[in-house]
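A.B. asks: Just so you know, we're using this note's numbering here: the sequence shown kicks off at 1 and counts up by one.
To be clear, the hints were calculated from the coordinates, so they are not data collected in a lab. Quantities reported herein were computed from a predicted structural model and do not represent experimental measurements. Misleading hints may appear alongside valid ones.
To be verified - In silico EDC-like links for lysine to aspartate or glutamate, alpha-carbon gap of 20 Å or less:
#: 1; residue 1: 38; residue 2: 64
#: 2; residue 1: 40; residue 2: 64
#: 3; residue 1: 66; residue 2: 37
#: 4; residue 1: 66; residue 2: 76
Claimed, not checked - Label-pair distances were calculated between CB atoms; the ranges are:
#: 5; residue 1: 82; residue 2: 48; range: 16 to 26 Å
#: 6; residue 1: 40; residue 2: 68; range: 10 to 20 Å
#: 7; residue 1: 37; residue 2: 66; range: 17 to 27 Å
#: 8; residue 1: 85; residue 2: 40; range: 27 to 37 Å
#: 9; residue 1: 41; residue 2: 69; range: 14 to 24 Å
#: 10; residue 1: 85; residue 2: 39; range: 10 to 20 Å
#: 11; residue 1: 64; residue 2: 37; range: 11 to 21 Å
#: 12; residue 1: 52; residue 2: 79; range: 26 to 36 Å
#: 13; residue 1: 52; residue 2: 85; range: 26 to 36 Å
All residues carry an ideal CB built from backbone N, CA and C; glycine is no exception.
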Amino acid sequence: MSETEVLPEQKTRVREDVRPKTSHGDGDHERFAHYVDKSKIVDSMVTGTPVTALCGKVWVPSRDPKRYPVCPTCKEIAEARGWKVPAG
């Protein structure tokens with residue numbers, strides 16, 4: 001003789017897109033290298049976790065920042081904080 005256990009009805013949940021927004025959408029932020037805490041850059045490149053630049057841009061770093069000019073907003077904020085900012 002076998003027993004049958006009736007399980008409660010399982011509900012299906014629809015997950016909204018949970019990926020972080022990685023661009024402001026204006027395109028300008030894509031043309032610059034941004035300032036971010038170095039320890040967060042390494043972690044982001046290994047884990048794929050997005051970082052936030054001083055200017056507010058959120059993205060997962062994947063390009064060589066030396067190929068792009070520095071974001072003027074990031075540079076201004078870094079200078080205001082007294083960070084050492086490379087000339088150029």
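A.B. asks: All hints are to be evaluated individually against the structure, with a verdict given for each.
C.D. replies: Structure-based check of each hint:
1. Our distance criterion of 20 Å between C-alpha atoms is met by residue 38 and residue 64, whose separation comes to about 14 Å.
2. With a C-alpha separation of about 16 Å, the suggested pairing of residue 40 with residue 64 holds against the 20 Å cut-off.
3. For the proposed pair residue 66 and residue 37, the alpha carbon gap of about 16 Å is at most 20 Å, so the pair holds.
4. As the CA atoms of residue 66 and residue 76 are separated by approximately 18 Å, the hinted pair is consistent with the 20 Å bound.
5. A hinted range of 16 to 26 Å for the beta carbons of residue 82 and residue 48 is inconsistent with their spacing of about 32 Å.
6. In this structure the supplied range 10 to 20 Å holds for residue 40 paired with residue 68, their Cβ-Cβ distance being about 18 Å.
7. Roughly 18 Å separates the CB atoms of residue 37 and residue 66, a value that falls within the hinted 17 to 27 Å.
8. The hinted window of 27 to 37 Å between residue 85 and residue 40 is violated, with their beta carbons roughly 18 Å apart.
9. At about 18 Å, the CB distance of residue 41 to residue 69 agrees with the hint of 14 to 24 Å.
10. The supplied range of 10 to 20 Å is met by residue 85 and residue 39, whose beta-carbon atoms lie about 19 Å from each other.
11. Checked against the given bound of 11 to 21 Å, the beta carbons of residue 64 and residue 37, roughly 18 Å apart, stay inside it.
12. A hinted range of 26 to 36 Å is violated for the C-beta pair residue 52 and residue 79, which are about 19 Å apart.
13. At about 18 Å, the beta-carbon gap between residue 52 and residue 85 misses the expected band of 26 to 36 Å.
Comparing the model with each earlier hint shows violations of hints 5, 8, 12, 13; every other hint is respected.
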